[in-house]
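S.K.: Make the complex out of the two chains shown on their own, each in a separate frame, by following the hints.
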Amino acid sequence: MVASRENNNSPGRIPALGLRFLGLIFISILLMYFDNRDNHLNTVRKSIGAAVYPVRVIVDAPTRLWIWLGESVTSRNDLELELARLRVERLMTHGRLQKLNALEAENVRLRTILDARSRVRDRTRIAEIMSVDANPYDHNLIIDVGTQDGVFDGQALVGADGVIGQVIKAGLMTSLAMLISDTDHALPVEVNRNGLRTIVVGTGTIDSLELPFVVNNADIHVGDLLVTSGFGGAFPAGYPVAVINSVTRIPREPYAKVTAIPAASLGQVREVLLVFSSTDQDEEATEDE
Amino acid sequence: MNKSRASRQLPALMSFVVGLILTIMPLPEAAEAFRPNWLAMLVIFWTMQLPHTWSVGTAWIVGIVLDVSQGTLLGQHALALCCVAFIIVRFHLLMRVFPIPQLTAAVFPILVMYQFLLFWVNGVAGVDASLIVYWGPVISSTILWPVVMIFLSSLRYRTPSG
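Quick mapping for you: the protein sequence lines, in order, are chains A and B.
Position 205 (the first sequence) corresponds to 205 in the numbering used here; numbering is contiguous.
Position 86 (the second sequence) corresponds to 86 in the numbering used here; numbering is contiguous.
This is chain B alone, in the form it adopts within the complex (with noise of 0.2 angstroms):
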């Protein structure tokens, strides 16, 4: 049973390295304004699936990770993601149930409110950055979201666990 549960968290566990990993990776300049929020995208598809492993801790923890890798306010991003994974486990059954099309109309609002959280907390801490910065990750996770979807869910339902 532990083993088999494990095995089980390993497909996450691995995606949210290379979660992390397309984060920090360096992009040109013109993209890096548009890189996906990848780990907004991965907490939003693990707790959907599996609520009572993925849930606001391990969301909180994630976004601790991401904050010391990013050198931004310790707290911030876990916030974020923290608000994020709550949202996702109160909509869970309902969210599981959507078609593609209608999931990504549900998680635009989402991603807005995850950035926006972000938003807040640097105007609070006196950090300016360009609106496009905020926003272009938005439009860019909401393109990328089926692709993502589709490919997580081939991810998760792969694996031998049952």
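Chain A extracted, bound-state conformation (with noise of 0.2 angstroms):
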């Protein structure tokens, strides 16, 4: 009946279907062209994104609310033993954190006696990541925040244990992020123990990262902790990133093959910080020194 309506004018012919099928391939072309090239499309991606909102928000849900649920009947004697647990952790954390106070005075005296602008404490907020899943051609994810809780692109996003990965892409609520695993990922970064700057590139495995550019007697070894350098501007310096695990040094070949697994576990954390480094330009300017 339905089919009988729809085809009684022109039977199976849709007027000037080549010319539209044109138009919307020449369009698509120059969008994507545009948005490859640069960020002027970013608007367009916002307003399309708010659309979208209420799907991703949906989406989260059951997550979020399996949560919930798995957080409201937990039993009284598990709650007293996390209780006992974090009190621990805290009086520990406390006690580091006593020491890290008087550091910072000294880091900031000998960077005084340097001559070296000093580094003030990275702003931090966290962000929730969304159980929404993003294209699968890269390693992806969303946030719960977006320009209007003052997201930016290239904006750092750190775990507890380790930088995650930076913003792509800020959207109005939500955000696009990319992990430390994505091939298109490269992170400046110096080992801890001595300071060797190289750089961190992703393998598209979330649990394991490559420095390709480590020449072949260069002081590296297994277990070595790798730790953002700050250089590129993107990172601020000092978050750990990730631990050496193997090194294998190849003669005749210019540089060593070097693995690394990161310091966060990427694919299980569910809160993150993002770093608002207040000091950009100061950093920039101390890394031009």
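To be clear, the hints were calculated from the coordinates, so they are not data collected in a lab.
Treat the hints with care, as some may be off.
Cβ pair distances, simulated, as ranges [as the list claims (entries may be wrong)]:
# : chain 1 : residue 1 : chain 2 : residue 2 : range
1 : A       : ARG37     : B       : LEU131    : 21 to 29 angstroms
2 : A       : GLN148    : B       : GLY57     : 14 to 22 angstroms
3 : A       : ALA84     : B       : ILE61     : 52 to 60 angstroms
4 : B       : ILE143    : A       : VAL44     : 18 to 26 angstroms
5 : B       : LEU155    : A       : ALA50     : 24 to 32 angstroms
6 : A       : LEU97     : B       : VAL17     : 42 to 50 angstroms
7 : B       : VAL17     : A       : ILE67     : 23 to 31 angstroms
8 : B       : LEU27     : A       : LYS99     : 40 to 48 angstroms
Glycine residues also receive a C-beta, built at the ideal position from the N, C-alpha and C atoms.
M.R.: What follows is the structure, encoded as structure tokens:
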């Protein structure tokens, strides 16, 4: 019945189909060209993104509900155990923090002596990772804050144990972030032990990173901690990134084959810290010296 | 007329919203590569059934929404879905009379083309991903197609549209 009504004027022929098709293909290619080249289309993306927001919230809701349910039906015994554990942890962290305060003061003093700008503590904001999948081609995740919370493109994402990634497309209420394990992600780091500077690149596997530019005779060992060096400007310096897990020195090759395991468990985090490095300019100024 | 038209499109619209939800729903890591192309399947079904309302233009809009929600290049899925819709509209009279096994066999190359366009655009834009990410969905979508087809047909003909 419907079909007959659909087709009664011109059975099977859609007017100007080819023309519309070619027009849309042309627009698509134009859009892709401009989207790939620069960020002129951010406003378009944002306004459509706001329309997609409710869908993201719906998808995220079951996980949120599940976590909430899990939290509200935990037994008293479990809660007491958890409380005891947290108390101990708090005591230990506080103990370490006291030392940190002293160290920070010392650091500021030493930096004044060296005539370098002192690094102010970074301002952070907590964001939650939404259980929403982005495209399967990249290692991406979606966080529940956007430009209205002050998020910007290129902002660093840090977990409890280390660097997680950076924001690549800040939307109005949700943002897309790239994990450090993405093949497109490169991060300037230094070896914490001796300050050797290099670059960590994602491999496309969530629990492995590689260091493609470490020369064969470089002083680097299994177990070395890599921290952000602050070069490149996106990441503030000093956050743990990864631990070296294999170093293979190949004779005749210029670079050794070095791999590392991310310090943060990238697949399991739920909450992340967004770092507003309040001293972006200062950082760059210090790096220039 | 106007109201009945709107209510006639309701199943299609609802199915697209559900399709989008299924597309961005988190899956276990192992199943991730085999997530069916829900929206491509929906575009195929609805353009085949109602080519006067669901044609290249609507497919393009669905694609743009998909691009934004997945953070891919703006226009990538739009281009691919637009091509899918074009082929379906051209052959919709033929495809409507196909029995389900034959239709599934016809849907398979269309899905391959869809994934190839995505793959190709990614290649030009310099996004590299493993091949399973591209061809896994083709396999799962083709296997699921008869089920989706039967379900959507029941949805379409149950509505009081006349």
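S.K.: Taking the Cβ atom of GLN148/A and the Cβ atom of GLY57/B, is their distance within the range 14 to 22 angstroms?
M.R.: For GLN148/A and GLY57/B the Cβ distance comes to about 32 angstroms; the hint is violated.
S.K.: Quick check: does the Cβ-Cβ distance between LEU155/B and ALA50/A fall within 24 to 32 angstroms?
M.R.: 29 angstroms, holds
S.K.: For the range 52 to 60 angstroms, tell me whether the beta carbons of ALA84/A and ILE61/B fit it or not.
M.R.: 56 angstroms, holds
S.K.: With 40 to 48 angstroms as the target window, see if LEU27/B and LYS99/A comply at their CB atoms.
M.R.: For LYS99/A against LEU27/B, whose Cβ atoms are near 44 angstroms apart, the range 40 to 48 angstroms holds.
S.K.: Taking 18 to 26 angstroms as the hint, is the beta-carbon distance of ILE143/B and VAL44/A inside that range?
M.R.: 36 angstroms, violated
S.K.: Take a look at whether the Cβ-Cβ distance between VAL17/B and ILE67/A falls inside 23 to 31 angstroms.
M.R.: 24 angstroms, holds
S.K.: With respect to the beta-carbon atoms only, verify the hint that LEU97/A and VAL17/B lie 42 to 50 angstroms apart.
M.R.: Since LEU97/A and VAL17/B have Cβ atoms about 48 angstroms apart, the given range 42 to 50 angstroms holds.
S.K.: So does ARG37/A sit 21 to 29 angstroms from LEU131/B, Cβ to Cβ?
M.R.: 27 angstroms, holds
Violation of the numbered hints given earlier is confined to hints 2, 4; the remaining hints are satisfied by the structure.
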